[in-house]
Amino acid sequence: VVIASSLSPMVGGGGGGSNGGKGLIPNEGGETFQIKGGGKGGASGGGGGKAGLSQSLVTGANMASMGDGDGNGNNNNNTTTNANANSASKDKAGNNNAAGNDSKSEVGEEGGDGYSEVGSSQNSRGSDHASSRRYRKFLRIITTSDTVKYIQRFHRQTTMTTGFIAAFHIATFIVLVIRVNRQVYEVMQVSNGTKITGHSGYLLLCARAIDQILKGRGTPTLYNSSTLGYWVNMLTEESYLMREKLYGLYQSTLGINPGLFSYVSVTPYKEYEVVGFGVHTTTGNMSLLQMGNHMIMSALEIVQNYGYWTTTLDTNVSSTKDFQYLQMNGINFRAYLRVSMDFVFYGAQDNIQMTNKLHLAFLLVEGCGLMLFTFTYISYLLAAVAERRYRLYEVFMTVPVGLSKILALRILHQLDGNVDSEDDDDDEDDDNDNDGISTDPFGEGGGGIGADELAAMNAAAAEFDLDGFADPGHLLANSMTMAPSRTSTNQNSFNSGRSPLLQSSSSSNSSNNNNHSLQRRLASWFKSVLLVLRRNSITRGALKRSESFFDHTVTAVHFMIGKSTGITHSPSFSEATHRYFKRDSKVRFSVLWPFMIFAVSVVAFYGASYSFMASTVSLLANQNVMNYAEGRMLNSIAAAQELCASNSIADYPARIAVFQQALLKIKQIYYVLVEGSRSDITMGASAEVFPLVTRSIADDSLSLNELLYSSGDCIRINKSTCPNATWEYYQVSLMGVNTMITRLFSEFDQLIQEAQLNQTSVNISSPHLDYAFNVGLNDIFDGFWQMQTIHQNLLLKPYHNVITLHILLLAICLVGSVCFVLFVINPLNRKIKKEMQRIAELLSQLPRELDMTKVVNVAVNRMELQVYVPKALRRTQKASFLTSGGGGGGIKSRTKSG
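Mapped onto the numbering used here, the consecutive letters of the sequence shown carry residue numbers 1 to 898.
Derived from the structure by calculation, the hints contain no laboratory data.
A couple of the hints might just be wrong.
[As the list claims (entries may be wrong)] With a Cα cut of at most 30 Å, we get these calculated DSS-like pairs of lysine-lysine: (1) Lys797 / Lys137; (2) Lys586 / Lys149; (3) Lys831 / Lys586; (4) Lys137 / Lys195; (5) Lys797 / Lys719; (6) Lys854 / Lys834; (7) Lys831 / Lys582; (8) Lys797 / Lys149; (9) Lys321 / Lys195; (10) Lys137 / Lys831.
Since the model is a prediction, treat every value here as computed from it, not as a measurement.
Based on the sequences and whatever the hints tell you, model everything.
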């Protein structure tokens, strides 16, 4: 008896002698049943005697068969070929043969040793046509079910979900980037606004210097007539810088508080005071913006008219109303400006907190909420598709174990006959590979082994798993138990054990080119398997040295492939085994891992952005203090100059008080700058409080630390103006800003003491004022400017980092979405569709005695899976050639959803 492979119909072998009947297969009880297409008995031969034991080289399994003519049981060798599915049985005398195929069998000739191949080519075409019809029928059942609808829904809605995520992230990107850019603008306005105090102080300083030069009171080391042009240019430059920053600050506050600079009254203030006439005109109300613009106008009037006043009117600059306006209202302007700047500063801090809250909100919504919804929804879609894929695969669990075992091992056995000769046949067969083969999965070539064979050739040659990235061609080979192994220790027993019939068949040129093409493709796949087997056979304890090469191969194939497909076997292949289908597809992970990466990226990037934005709170506070320190230093130098330039003894007490207040302000702000929140330890009760300043500015950067404490070099911006070693302040100028400003405080303290003790000793030639001008306006001022620039870059760097992170995340989102659809979703969709075609093709190759049509119908409709088996087979309850161990396992199977 011969059972054909999955690529050929089932045929029955010829019985020995006239009592053999039409392919009757007896069991030990003497009962017989018929397999369709059984061959007729030979022309002569003995009666049926004791059943012998026949070993099939094709399947490696033991099957009961007819005995020989004299009643003694002998071992008969049965073999099949892939081309014509011929079978032969030989009696003891060796003179009777029979041949059969799926449609009919002819009586063999007496006394012959060859084959009877009558009608082989015609029946091959008939087999092709029948298999093609079954293929199209199976494919129609599968593709017209709800499975295709679920696949289409998965593809469509997964693509839509990916697009929605990309659109949502684009919206969040726009919102956050606009917020961050707006925050950068506000920070710059706060930084520039605090510099206005320094510009206003410089206006008075330059105006007094021009006045003293025109009066002839300058000194060689302070200023003189040769430097008049320098001070005029400085006054002009500082006026325009103040106007630019004041107007920018006003524009930035329109959205926060429109009346902050326009309508808030400044009272009292002195419009002008004409010295010599004792007339004071005071107005009650003026906005801060108007007051600042009036100061700028007064400074530019001095630049425009100082020569005319001096030469034509013989009037000092200090006696004009423009100079008096700068002198009288500068202090009040700086005080009111501080109040307004604090409002702007805390508004910027609130906006930083709002931006951080948006980062946290979008992190939770997009990184957690939206991704959780996406995971859940796509998992639901995948589960629906996977459930229907599993049902189609579970159809193969209804195929009897023994039959599936025979089909799979027959493929492996045929491959061995083609491996050796493949290299020699490559060139001559290349032109014949595609002859008569239709590649259209919906064409006439639905399956079979004939000229119209379809993708089953490629399907059987590729590996397969349930994830849709390989081929289902050897699913049956992975889902069965094995028959008893051979006991031969010869490593070449796989080849040497063949019968002459099989050797002749595998060495001869087949008349079917498509069959040969299939064997070549399967041989290529089998070679790749052998490479793995040779490596794995050393490490796997299940392969014993005493077994043959064939046993090693079969054992390794099942051990290796069985794990990947989820079909589990018992340790012993010779024992009866219960098969079960393990649902371990990894498609869900392959689809969801891009979303996992994006979710982690959103959380990481938004978390980093939150951290960067949070760090700007302290940086902005220190930057604010840094800008105030520069302005207050200039104001203190201007107050010292006013004290030294005074000619009226009556004005000394008021000017000393103004100077003391200016000195206290610069000390307060400087100790906050270098000590942070611990400045109250140094200043005591007079310490000025900046709540958001927590650390020293030196802790923000190593460069700032070096500028403050250990410069070791001239820190002027224009190195060409650095004095040589003969300069009296050369050594102190190399010690850093902290040393120079500490000495400045000391010089100012001495100046106040001298003014209080002897007012006449204080004049423009004071060495204390000389130090303030030569070191304070050059080295200390340039040091503060460099510190402002460095710290401002530190302040803006987190914002630039946040914008960069958002751009990278947007690129990841957009590129990832496109790649996900193109390289994950679309290929998976094509694989699943191709998978259904291959399943239909493989089902079309199974024997027609197995009514797989009903099985497929109920599989796609969540019903119980059953396979039709002939009544004679069901009555016997013992069909060793169809079931493993004769138990009938695998005749019925249920899906998990049942």
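Cross-check of the supplied hints:
1. Lys797 / Lys137: Since the Cα atoms of Lys797 and Lys137 sit roughly 68 Å apart, the hinted pair is violated (cutoff 30 Å).
2. Lys586 / Lys149: Measuring from Cα to Cα gives roughly 22 Å; hence the hint holds.
3. Lys831 / Lys586: Holds: Lys831 and Lys586 sit about 14 Å apart, inside 30 Å.
4. Lys137 / Lys195: 85 Å, violated
5. Lys797 / Lys719: 28 Å, holds
6. Lys854 / Lys834: Distance of about 22 Å is within 30 Å: holds.
7. Lys831 / Lys582: The given pair, whose Cα atoms are some 21 Å apart, holds under the 30 Å limit.
8. Lys797 / Lys149: Distance of about 52 Å is beyond 30 Å: violated.
9. Lys321 / Lys195: 25 Å, holds
10. Lys137 / Lys831: 20 Å, holds
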